[in-house]
Amino acid sequence: MPSANQGDGVNAMTPNTRENKVQSPLQVVACIDGSSAALAVCDYSVWASRRMGDPLLLLHVLDKEKYPVRTDMSGNIGLGSREQLQEELVNLDAKRSKLALEHSRVMLDEAEKRVRESGIEDASKHQRHGELASSLVELEPDARMFVLGLSGESSAAAGRRVGSQLETVIRSVHRPVFLVPDEFTAPRSAMLAFDGSPTAFRSIELLAGTPVFKGMPFHLLLVGADTEKHRTQLQQAKDALAPQGLDVHVAIRDGNVEQTLHAYQEEHDIDILIMGAYGHSRIRRFLVGSTTTKMLQTAKKPMVVLR
Numbered sequence: 051m052p053s054a055n056q057g058d059g060v061n062a063m064t065p066n067t068r069e070n071k072v073q074s075p076l077q078v079v080a081c082i083d084g085s086s087a088a089l090a091v092c093d094y095s096v097w098a099s100r101r102m103g104d105p106l107l108l109l110h111v112l113d114k115e116k117y118p119v120r121t122d123m124s125g126n127i128g129l130g131s132r133e134q135l136q137e138e139l140v141n142l143d144a145k146r147s148k149l150a151l152e153h154s155r156v157m158l159d160e161a162e163k164r165v166r167e168s169g170i171e172d173a174s175k176h177q178r179h180g181e182l183a184s185s186l187v188e189l190e191p192d193a194r195m196f197v198l199g200l201s202g203e204s205s206a207a208a209g210r211r212v213g214s215q216l217e218t219v220i221r222s223v224h225r226p227v228f229l230v231p232d233e234f235t236a237p238r239s240a241m242l243a244f245d246g247s248p249t250a251f252r253s254i255e256l257l258a259g260t261p262v263f264k265g266m267p268f269h270l271l272l273v274g275a276d277t278e279k280h281r282t283q284l285q286q287a288k289d290a291l292a293p294q295g296l297d298v299h300v301a302i303r304d305g306n307v308e309q310t311l312h313a314y315q316e317e318h319d320i321d322i323l324i325m326g327a328y329g330h331s332r333i334r335r336f337l338v339g340s341t342t343t344k345m346l347q348t349a350k351k352p353m354v355v356l357r
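The sequence shown begins at 51 in the working numbering and counts up by one.
Hints in this document: simulated from the structure, not taken from any laboratory.
Certain hints may be false.
To be verified - Derived lysine to aspartate or glutamate pairs resembling EDC-like cross-links, with alpha carbons at most 16 Å apart:
1. 148 to 171
2. 264 to 321
3. 288 to 255
4. 351 to 304
5. 351 to 297
6. 351 to 255
7. 350 to 297
8. 351 to 308
9. 264 to 289
10. 279 to 297
11. 350 to 232
12. 350 to 319
13. 350 to 304
14. 351 to 316
15. 350 to 308
16. 264 to 297
17. 350 to 233
18. 350 to 321
19. 351 to 321
20. 350 to 159
Said to hold, decoys possible - Quick list of simulated restraints, FRET-style, between CB atoms:
21. 297 to 172: 57 to 65 Å
22. 187 to 149: 22 to 30 Å
23. 180 to 347: 24 to 32 Å
24. 141 to 172: 44 to 52 Å
25. 171 to 255: 30 to 38 Å
26. 172 to 299: 33 to 41 Å
27. 155 to 217: 24 to 32 Å
28. 281 to 163: 48 to 56 Å
29. 259 to 347: 28 to 36 Å
Small disclaimer: the values here were computed from a predicted structure and weren't measured.
The beta carbon of each residue, even a glycine, is placed where N, CA and C say it ideally should be.
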């Protein structure tokens, strides 16, 4: 299966770090697994790919803990010289690995069928063996955005609603992470959690460089005191987004960050919540702190985390 090309990232929703070389198109990377969100990941990835004009990569990572390449039994207590048992265990590992690869291939084939039904004929497929977060870090140079389900395969098995690897991925990668629920609804509006910090303005710069939200109602919400400084910052952010043809609405609300964001989103029936996850702003402390899981657990609609 084709693998992603090697290089450094560029424009739109990612910083421009690749110069003086032939640039291949950056990809929307759909992270496919066996969870209930897998089909929605395909659908939202198709939506993002079309909106940004980027090719689509369907990725499945075989977790090395769930599907080890082989088991080292040289130090196992109790086996001794029972070579036949050791050989049988090695053969069992080989069968498990073969089945895991076949299962991965089937999932990717089904994902490819899904995106073809949506009109994407040239999506590529890629299998990797390892940890999800580290695999995505390696694929970053050629990725525009990663799309993952809010409910992951391992979390569903453990009875948890939120993917157990999401926080690790969010902390590890420096590309936008698009987190999606189990069912697809075509996004019609979006909002950015904005705090007026320099890093928040970086989010504005990234959004101003991508057509993904063009033509949509777009809300800038600042959770904090209603001051002249905050109003000025919101106006500056609104002006920066104007060239993208966004229908920008600005608002200031005081209160708890998590509760205020969700309440505003519900009040205005906003489809996508966008948050920045870098720097040392209020939003940064909120996102990577203990309330991260609460935010994800209460999310009913897609979220985009910007780095």
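Exercise. Mind listing which of the numbered hints don't hold for this structure, in increasing order?
Key: 1, 4, 5, 6, 7, 10, 13, 20, 21 and 24
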